[in-house]
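Listed below are the residues making up each chain.
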Amino acid sequence: MSETILEARGLFKSYGAEPVIRGMNVSLPAGRIIGLLGPNGSGKTTLIKLAAGLLTPTSGEILVCGTEPDEKTRALVSYLPERTYLSGWMKVTDAVNYFSDFYADFDRERALTMMMHLGINPASRLRTLSKGTKEKVQLILVMSRRARLYLLDEPIGGVDPAAREYILRTIISNYAENSTVLISTHLISDIESVLDEFLFIRDGQIAMQSPADEAREKYGMSIDGLFREVYRC
Amino acid sequence: MLGKLIKHDLSAQRRLLIPLTLAIIAASLLCAGALRYIVYVFSSESPSDLAVMSASSLIMYVFLNAIAVIAYPTVVTILIMVHFYRNLYTDEGYLTFTLPVRTGSILLSKFLTAVLWNIISSAVVLGCFSFVVTFGTATDTVVNTEAFTAMSDIVSFFGDMFGASPILYLVELAATSLYMTVILFLAITIGSIIAKKHKVLASIGLYYAISIATSLVTNIVGIFMMIPALFGDAETMFVSTVTVQPLVDSIIYIGFAAAAYILTGSLMKNKLNLP
Amino acid sequence: MARLKWHIDGTSPLYIQLADSLRREIISGACGPGCRIASVRELAADAKVNPNTMQRALFELEREGLIETRGTTGKYVTEDGGILARTRREVLDSVADDLIARLSSFGCGADEISRLIADAAARHAGGMGNREKAFETEKKE
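Protein chains in written order, with my numbering: chain Z, 1 to 233; chain H, 1001 to 1275; chain Y, 2001 to 2141.
Bound conformation, chain Z alone:
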């Protein structure tokens, strides 16, 4: 039972004259945690934005659960960008209510429990929180949805090691058979034990797609080691 959650066919995306995604073909099944790995500027964020519906393709197709991104696919996709996208004046409870209002798959209890675990005061205004805490709040909101596709753009980038562990544990415990988590990151060694599969993206195309253990067996090294080999300068 493997439905294709995300698919790109001959996908092109250019910013003006600058092509970023060049004829990408990729297919991601359900029930996987997949790493989108590549150096900065390789097109990771662009691909994720295309899947989230924030960008329209220059040509080619991108499909979420078989449909082009629209308001219906947005209900199936839970997106965590690299930036703070909540209004500073909101309190944590306001943000929880906001998600609760718009997303039918939002698990309010779960969100509040996770906030409590991390010692986040629900009455505090977002702008008074530290950057790390704000990122945790956003992660909790995104992972408290029962979505089909989770798009996490650099979720562990600017976060301390303890929070990093919590984030990875949350991703693991959130695992569901009919949903897929796509994690875009350049911190491969921290995250590779969590991945089912990985994609190496280079020059706007998929250079390699493989299950993690298969690659470890085939190349006799960790994914991090393999990355350094493949992308050696």
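Please note that the accuracy of each hint is not assured.
Each computed DSS-like pair below joins lysine-lysine, with the alpha-carbon atoms no more than 25 Å apart [said to hold, decoys possible]:
| no. | chain 1 | residue 1 | chain 2 | residue 2 |
| --- | --- | --- | --- | --- |
| 1 | H | K1196 | H | K1271 |
| 2 | H | K1271 | H | K1199 |
| 3 | H | K1197 | H | K1271 |
| 4 | H | K1269 | H | K1004 |
| 5 | Z | K91 | H | K1007 |
| 6 | H | K1196 | H | K1269 |
| 7 | H | K1269 | H | K1199 |
| 8 | Z | K72 | H | K1271 |
| 9 | Z | K72 | H | K1004 |
| 10 | Z | K131 | Z | K72 |
| 11 | H | K1197 | Z | K72 |
| 12 | Z | K72 | H | K1269 |
| 13 | H | K1007 | H | K1196 |
| 14 | Y | K2005 | Y | K2048 |
| 15 | Y | K2075 | Y | K2048 |
| 16 | Z | K218 | Y | K2048 |
| 17 | H | K1197 | H | K1269 |
| 18 | Y | K2075 | Y | K2005 |
| 19 | Z | K91 | H | K1004 |
Hint data in this document are derived by calculation from the structure and do not stem from the laboratory.
Following the hints, complete the assembly by docking chains H and Y onto the known chain Z.
Just chains H and Y, lined up with the frame of chain Z:
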């Protein structure tokens, strides 16, 4: 979903707009009181020096209040547009545009809430002005009903003289306000798409460009419409200017507004490019 | 069940390393014969790995008979003495292989290796005794 969008837009906007509006109302109430005192002092037989001095300094306050009330609708518009820009074209846009709603609904919610606040601010300005004038100029009575009747007389005077109902001017006012709102939406949207830096400046520039273009069209149309009147006498020309012109202008404004609205919606959907 | 120790470093397939870690923990008594194994999710979260990968590791152990599923109550470590003894032997052989490989890389010959091990055993004499008693039953094959 539209209802939810409206609810959240309003709760974001009212944080600043309600305190601002209450402040203007409070200041105007004080102003009415101050004016009344001034009138009382300067219409009494032999006011004390102290009374004259305090009354004179209050004149400054009345003057400032008038400026504040005049500026208030503009401030409201600025705050509405700042919220529009922030919610859609800054980092917040990452949240707004990934909501499971159509982009058309997002735009509609922004439009309806903007119109609502425009109506509220207009009502507040009208109310404060009327109150200050009627309460402030009253001497024996609580409210100076004469001032009130004087104002309505002035309005109907114009109406009778030219056969033009003041309603037409209200219509033009409403059309202009609608037009301005949508043009600002469009300017901000285009500005955020084409400008890498200085998006605000680009938006302001675009707004003026579009306004000038619209004025050009209204003036040209106006001139064309005057041509038949040229063959009549001066009075018919003046009358037609006063009666027909507002209507024609309103139609032009609404036409531009509709085009701008559609264009804004299309750009939001297809040309979105958040930083 | 006590906290388990996981030795994974990503340079070889994780499911193999996880299976190895589990075997060692079972043999060392952290989760001994008849002990109930936590759910796949809990184990995965504890080891910070993908549940699919942990599932694959458990599948390997079930194939060997080291773990068995009892109805709906969950997975348990077998109480079969034969399997446990064989597994213990495999684990210890593997540890020994690692040790020999390391010592050999310093250029030690077979005699020197035996001497080194005997001397080290003598040094740790006190602590080793307790563990020996615990596994007396296992030794009687």
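Are there hints from earlier that the structure breaks, and if so, what are their numbers? The structure breaks hints 10, 11, 13; every other hint is satisfied.
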